[in-house]
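Each position in the sequence shown, counted from 1, maps to that position plus 11 in the numbering used here.
By construction, these hints were calculated from the structure, which means they are not laboratory data. On a predicted model such as this, the values are computed, not experimentally measured, just so you know. Some hints could be false.
Computed cross-link-like contacts, DSBU-like style, restricted to lysine-lysine with a CA-CA straight-line distance of at most 35 Å [claimed, not checked]:
1) 71 with 109
2) 109 with 40
3) 97 with 113
4) 39 with 109
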Amino acid sequence: MSVGATFSVNVNVNFSVLDRKFSEASLKKGELAMANQAMMDMEQFVPMRSGRLRSGAHAKPGEVIYPGPYGRAHFYGTNGIVVFRKYTTPGTGKRWDKRVPKGTVREWGVVAIKAMGIQ
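Construct the complete structure from the given sequences, taking the supplied hints into account.
Put into structure tokens, the structure is as follows:
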């Protein structure tokens, strides 16, 4: 024979607030805000001979797009035939995403979270 009482607890959780904050639209909004911030922070490291590469950049949710084959070639530093080594604007060059200070990259996440309405 055991001594003691048994009881049960019903727990109801309302996830409607979380559903709104993590909805598809909210995630897209966060991704777009993050991409826009990344584009702005990387701009100073993007080569600027004629300005076409910088001015042609645009953001989509989760990505920054630079114009045409020109953008790809300069991002990777080669077009498959020629390797680009000399850039006319000081401080610029290939892989401008890696030139951004490390603390700045963390801020992109903060921007995304704020755009989603979490903080």
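Quiz item: Of the hints stated earlier, which fail here?
Solution: Hints that this structure does not satisfy do not exist here, as all of them hold.
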